[in-house]
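Asker: Fit chain B to the known structure of chain A by using the hints.
So the sequence lines, in the order shown, correspond to chains A and B.
Quick note on numbering: the working numbering labels position 357 of the first sequence as 357, and the sequence is numbered without any gaps.
Quick note on numbering: the working numbering labels position 184 of the second sequence as 184, and the sequence is numbered without any gaps.
Derived from the structure by calculation, the hints contain no laboratory data.
Everything hinted at is true.
Which copy is meant is left open, because identical chains are indistinguishable; a pair holds if it fits in one copy or across any two.
In the SDA-like style, the derived pairs of lysine to any residue whose C-alpha atoms are separated by at most 25 Å in a straight line are:
#1 Lys369 - Arg398
#2 Lys369 - Ala394
#3 Lys30 - Gly316
#4 Lys369 - Glu395
#5 Lys70 - Ser337
#6 Lys369 - Ile399
#7 Lys128 - Glu350
#8 Lys128 - Ala33
#9 Lys128 - Asn358
#10 Lys369 - Thr158
#11 Lys30 - Asp317
#12 Lys70 - Glu113
#13 Lys128 - Gln353
#14 Lys128 - Val347
#15 Lys128 - Ser337
#16 Lys128 - His355
Model, not experiment: these values are computed from the prediction.
Here is what each chain is made of, one letter per residue.
Protein chains: 2
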Amino acid sequence: MSYSVEPAQGGVTAPGGFRSASLHSGIKAKTGALDLAVLAADTVGTAAGLFTTNLAKAAPVLVSQRHLAKSGGRARAVVVNSGCANACTGDDGMANALRMTTETAQAIGCAPEEVLVASTGVIGVGLKMDRVVPGIRGAAAALARDKGAEMARAIMTTDPFPKDHAVVVRTSRGHFHVGGTAKGSGMIEPNMATMLGFLTTDAAVPPALLQRALQESARRTFNAITVDGECSTNDCVFALASGANGVTVDEELYPALQAAFYEVSKALAIGIVRGGEGATKLVSITVTGAREWAHAERAARTIANSLLVKTAIHGGDPNWGRLVAAAGRSGVPFDLSSAAVHIGGIVLFENGQPHDANAERAAAHLSGKEIDIELDLGTGGAERATIWTCDLSAEYVRINADYRT
Amino acid sequence: MSYSVEPAQGGVTAPGGFRSASLHSGIKAKTGALDLAVLAADTVGTAAGLFTTNLAKAAPVLVSQRHLAKSGGRARAVVVNSGCANACTGDDGMANALRMTTETAQAIGCAPEEVLVASTGVIGVGLKMDRVVPGIRGAAAALARDKGAEMARAIMTTDPFPKDHAVVVRTSRGHFHVGGTAKGSGMIEPNMATMLGFLTTDAAVPPALLQRALQESARRTFNAITVDGECSTNDCVFALASGANGVTVDEELYPALQAAFYEVSKALAIGIVRGGEGATKLVSITVTGAREWAHAERAARTIANSLLVKTAIHGGDPNWGRLVAAAGRSGVPFDLSSAAVHIGGIVLFENGQPHDANAERAAAHLSGKEIDIELDLGTGGAERATIWTCDLSAEYVRINADYRT
Numbered sequence: 001m002s003y004s005v006e007p008a009q010g011g012v013t014a015p016g017g018f019r020s021a022s023l024h025s026g027i028k029a030k031t032g033a034l035d036l037a038v039l040a041a042d043t044v045g046t047a048a049g050l051f052t053t054n055l056a057k058a059a060p061v062l063v064s065q066r067h068l069a070k071s072g073g074r075a076r077a078v079v080v081n082s083g084c085a086n087a088c089t090g091d092d093g094m095a096n097a098l099r100m101t102t103e104t105a106q107a108i109g110c111a112p113e114e115v116l117v118a119s120t121g122v123i124g125v126g127l128k129m130d131r132v133v134p135g136i137r138g139a140a141a142a143l144a145r146d147k148g149a150e151m152a153r154a155i156m157t158t159d160p161f162p163k164d165h166a167v168v169v170r171t172s173r174g175h176f177h178v179g180g181t182a183k184g185s186g187m188i189e190p191n192m193a194t195m196l197g198f199l200t201t202d203a204a205v206p207p208a209l210l211q212r213a214l215q216e217s218a219r220r221t222f223n224a225i226t227v228d229g230e231c232s233t234n235d236c237v238f239a240l241a242s243g244a245n246g247v248t249v250d251e252e253l254y255p256a257l258q259a260a261f262y263e264v265s266k267a268l269a270i271g272i273v274r275g276g277e278g279a280t281k282l283v284s285i286t287v288t289g290a291r292e293w294a295h296a297e298r299a300a301r302t303i304a305n306s307l308l309v310k311t312a313i314h315g316g317d318p319n320w321g322r323l324v325a326a327a328g329r330s331g332v333p334f335d336l337s338s339a340a341v342h343i344g345g346i347v348l349f350e351n352g353q354p355h356d357a358n359a360e361r362a363a364a365h366l367s368g369k370e371i372d373i374e375l376d377l378g379t380g381g382a383e384r385a386t387i388w389t390c391d392l393s394a395e396y397v398r399i400n401a402d403y404r405t
Numbered sequence: 001m002s003y004s005v006e007p008a009q010g011g012v013t014a015p016g017g018f019r020s021a022s023l024h025s026g027i028k029a030k031t032g033a034l035d036l037a038v039l040a041a042d043t044v045g046t047a048a049g050l051f052t053t054n055l056a057k058a059a060p061v062l063v064s065q066r067h068l069a070k071s072g073g074r075a076r077a078v079v080v081n082s083g084c085a086n087a088c089t090g091d092d093g094m095a096n097a098l099r100m101t102t103e104t105a106q107a108i109g110c111a112p113e114e115v116l117v118a119s120t121g122v123i124g125v126g127l128k129m130d131r132v133v134p135g136i137r138g139a140a141a142a143l144a145r146d147k148g149a150e151m152a153r154a155i156m157t158t159d160p161f162p163k164d165h166a167v168v169v170r171t172s173r174g175h176f177h178v179g180g181t182a183k184g185s186g187m188i189e190p191n192m193a194t195m196l197g198f199l200t201t202d203a204a205v206p207p208a209l210l211q212r213a214l215q216e217s218a219r220r221t222f223n224a225i226t227v228d229g230e231c232s233t234n235d236c237v238f239a240l241a242s243g244a245n246g247v248t249v250d251e252e253l254y255p256a257l258q259a260a261f262y263e264v265s266k267a268l269a270i271g272i273v274r275g276g277e278g279a280t281k282l283v284s285i286t287v288t289g290a291r292e293w294a295h296a297e298r299a300a301r302t303i304a305n306s307l308l309v310k311t312a313i314h315g316g317d318p319n320w321g322r323l324v325a326a327a328g329r330s331g332v333p334f335d336l337s338s339a340a341v342h343i344g345g346i347v348l349f350e351n352g353q354p355h356d357a358n359a360e361r362a363a364a365h366l367s368g369k370e371i372d373i374e375l376d377l378g379t380g381g382a383e384r385a386t387i388w389t390c391d392l393s394a395e396y397v398r399i400n401a402d403y404r405t
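Looking at chain A on its own, in the form it has when it is part of the complex:
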């Protein structure tokens, strides 16, 4: 089956059969700041989810996991708030997360287990339900096709800009859309999930295929980014399929769905990194020459999380020694005498020898906004992996030293 995946207008409501609404409920102190959103399908569709592997799971994560299991992969809506993570909030937090789903279900007319819930913001603070409940009712009453962009803003915390993306997939059996939005700026090193992410499609997709498409695309997108090596208590990404445009995804169409999920997820994931707390540069770390993919991935992740690498990139310093040192401590096979480092395609270290004459050209590449780094482990394998990260600036420290105060 041949297919094409092309960019489309809009975000999470680009696919047919979805509406959303966002408003300022009062969770965030700043007047008018969007802090609550409802995304709803016109009828109950299928759903899939990936969740944080952190053992300190927030209440909304636990509730959404249960609802997906109970509904057998079917959902009508997602309700999400920013400004409060509802994490480490004990029994009250569980009751509040559950109530967010029952209020949403009542307002739009479905079963509570057909509603998924997500929260993001400060850990350890309870939700102000006297603001959340009227907010849910107000949003449910205002659902519209053209409000996808507002949802991208309503889920932001320290994000410097909203992130959404959509594509249209054309196949000989018809076309369908995939759209999505995501947030995340700090505490970003998802592990089998991301910060909050929401994907939609107007194809009809059986739950198992939807889950598979979400997982496979997340492995190389949401799970291949790191801002600060932190895995949150609240990470989750949901996919909802409305089936509104009549195309049903089966095994034959699955590659097209998978490709579209990958495109949308990659755009959102890179957006998260580009908008990382204090970030001034988007950095792609590719590790090659590995005998196993997991080796390449682990080395790339170690480099991407190295404070010395991230500060050197921030300073525009082609300090390849820090790249080699990070690879060497990553716990995977590494052969210094055959290893190589390229920055912006320029060789700086190869076969055990520095190429310092190239440092100036590499520094010029590092002065840009999009940085490419490639490290060969020197172990002679053909496996490779890419992790996207950002530089570490004094602004990151300022943001996180002052976050609550």
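Answerer: What follows is chain B alone, placed relative to chain A:
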């Protein structure tokens, strides 16, 4: 056997039978900056070493490992330079590290394999041997008992202050001294070694006991600190025993030697953290309630390396949610409903519930220079581990973004 361990004057030459000398050889650009030191025993004694586990080992690490193996745990001297790590320098680097030992051996009159070598500084830059060789000859000619403090300064790179320590051990079979010096400020998360560390004793100690004492004390000191989660290419810590004062350590005296090594190593290790790049606070992270020591250690290390924890401490924010989130992602058993967090002995989270009324008192503790954090994993075990770390400041970013430029 009862014994006492008491503080003593001096550092690496406090134990009898050792002399040292330090000078400016010209490796560092700054006029007069000490950059080369020789530490020598009056006669050949025993020696032990711990080395970085980084696979990108620097030339001096490889040479010292071979020399210790070849000499069967005997050494006469250590030669060390700062300002250049001699790492990732290929065959020339190996030849230069070896030459540092042969020049030292010739100058003081011993076999090359009885000399250990260490380097610290920038990775990927070759040693200027036309400056190093005269430097070694000059230092070897100037060895003196009273120059231990100079060596503590000669091994510094970005360290804000020198670190040395000494103790006297009194036993019914006589007394002996243990002294030491260490350097390290960034790229600090040793793994079975530290940045550079040098311990001396005037007891006679068989090589196997010396190695055991070094390893056991390093596990809870040099290997229990982290500044930035980076494990260097050059980490090593050496112990030399001169036997100058006639006491021989055997199994009966071993606990006294071990206690003294622990005291000196702990003082040096904490000094490294206190002088961490950009550090403004010394932070002790203790994890309790673990069923295995390794669980407590891993959770404590994860918390100690968490950028969000380190920036919160820098900002004086009692953000216990970040501590819980770090423990939850550390990969060890963790039970949120029974976990607890104390900052400065003040409970902030317990049995799944925040104690926010205590936040102000905890913030007052965080405004100090020495911070105590305790997290109970909630799994009901009796094991505990402590990791020392520092806060993360904008100054760390400034230092490392500008290190070479």
